[in-house]
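Hey, can you work out the whole structure from these sequences and the hints?
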Amino acid sequence: MDGPALKKDWTVTQAAFDLLLQQLDPDRERAGEVYEQIRHKLTKFFQWRGVSTPDDYADRTIDRVARKIGEGAEIHTQNVYLFFHGVAINVLREHWKQVQKADVKPLDEIQPPPAPETGGEAKEKEVKLQCLDGCVQRLPANHLVLITEYHQGEGGAKIARRNALAEQLGIPLNALRIRAFRIRGELESCITDCVKRNEFPVTPLEK
Amino acid sequence: MKRTEQDEAMIRYLLGEATEDEQTRIEEQFFQNDDSYQQLVALEDELRYDYAQGGLTRKERASFEKRFLNTDEDRRKVALAKEVMARAHSERAATMVPARAERTSFWQFFSSPLRLSFAASTALLAVLGAFLTLHSVHLSDQLDQLRAQRSSDQQTAQQQVAALEKQRADLQQQLNSRPTQQATPTLFSFVLMPGMTRDADVTKPLLIPAGDGEVRLQLDLKKKGAYKSYLASVQTIDGEQVWSQNLQSAQLTVPAKVLPSGDYVVELKGIVAGGETENAGEFYFTVVRK
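Protein sequence lines correspond, in order, to chains X and E.
First residue of the first sequence? That's 1 in the numbering used here, and the numbers climb one at a time after it.
First residue of the second sequence? That's 1 in the numbering used here, and the numbers climb one at a time after it.
Keep in mind that the hints were calculated from the coordinates and are not lab data.
No experiment lies behind these values; they were computed from the predicted model shown.
Even glycine gets a Cβ: it sits at the ideal position worked out from N, Cα and C.
Some clues are possibly wrong.
Stated by the list, open to error - Sample of chain X residues lacking proximity to chain E, with all beta carbon distances greater than 10 Å (derived):
(1) Q14
(2) A16
(3) D25
(4) R28
(5) Y35
(6) D59
(7) D63
(8) E74
(9) V91
(10) E154
To be verified - Pairs of lysine-lysine residues, derived as DSS-like cross-links and limited to a Cα-Cα distance of at most 30 Å, are as follows:
(11) K257(E) <-> K204(E)
(12) K44(X) <-> K82(E)
(13) K77(E) <-> K44(X)
(14) K66(E) <-> K158(X)
(15) K59(E) <-> K158(X)
(16) K77(E) <-> K123(X)
(17) K125(X) <-> K82(E)
(18) K59(E) <-> K97(X)
(19) K196(X) <-> K123(X)
(20) K2(E) <-> K44(X)
(21) K158(X) <-> K2(E)
(22) K82(E) <-> K196(X)
(23) K228(E) <-> K158(X)
(24) K101(X) <-> K68(X)
(25) K125(X) <-> K77(E)
To be verified - Facing chain E, a subset of chain X residues (Cβ under 7 Å, in silico):
(26) K41
(27) Y81
(28) I159
(29) I178
(30) F181
(31) L187
Here it is in structure tokens:
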């Protein structure tokens, strides 16, 4: 269940969007990259703040910023992210007000029931298991060692193990975290792509 | 060991437990700093994997479920994380044997940043392997010694059995080669009455089968116990002695071979005190050999 209906308070024009990109970076290609980074951060911001449709609220925040720029506001390069953050907090507050008015439960109070499994999903599971095996087996040995060592143990022992692993590799713990994250991401992407390549269309029931 | 304060703060933020000020500070950090943002994204994913493996505290689990386990997509991600790590640990365990070496070249692997970890693990395994090998060799030596001892014992036992078999065979051979009469000496026993004449009508002949054997002659004395010992002499009717014997009682045993068919007489003398002898009686008999 999503939050309250998102009221589109302004439509981004091409001119306003161009101005926004210009403010992000004079180089249009680089500006496009910064735009994507900001959008990602805004999406995660709303997700981490418990909004059920973070993409929508990220777009709404960008629209607001574009409108302000269109209205003559200037964004200093060093403060561009903070500017977006400030607008995002305002959008978030408006969201909470609308949630309270509509008496809509926030995301962290919603517990949708799990969907029942169908025959097609069972087949997909089988495909996924095969993909899982294949992708894990293709993982380079040092990557396999790293993620299994990283996700070993519990509590203080686990933290000590990760610190020791970082020390062995001669990298900070933060860098080790990113490295483990990327390996997991590669594995998941491998599995997802494999499932997509091998999934079977579910034959519709005859009427 | 505990997490760093920064990690603790980020985890509180992700789990929705941070204060307003803490939220603002962290958000300003990650909006301005890509590394900080990446750390948060990685930490969120890490929490998912830790949750999937049951590695969070009770409180963290509850907060994680409220924040990150609300949609089917959330549950799918957690399920995938669980499957990925289970399979990865399984694969890692399987690669403890050298089979995995074929997928990654030796130098490629050793050029990785994990070389120190791998080297340490390898060294440990090498030491362990060496110990196990030495232990195995020691056990193998002991086993060889036991086998040799058992073999020696078996050989000794076999030799003893063979010696006994040979001994038994020799004895059997000796037994087989012994004359029949010695093996089973035949004894023919007769009772002779004193004073009988050689008249065939009165005296029945002693029928003795041909061959070796012994003839026991029981002398029936009229006066029993008169002598402590006797001297018996077996003679042909012509007076030729064929056998003599000192006796403790009135019974003598004569080899059958000295008694071919014919008439004989046993002269029995009783030995009195001082070694002198007295006539104790004469016993006639006839031998018929068949």
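- Query: What hints, given by number in increasing order, does this structure fail?
  - Reply: 10, 23
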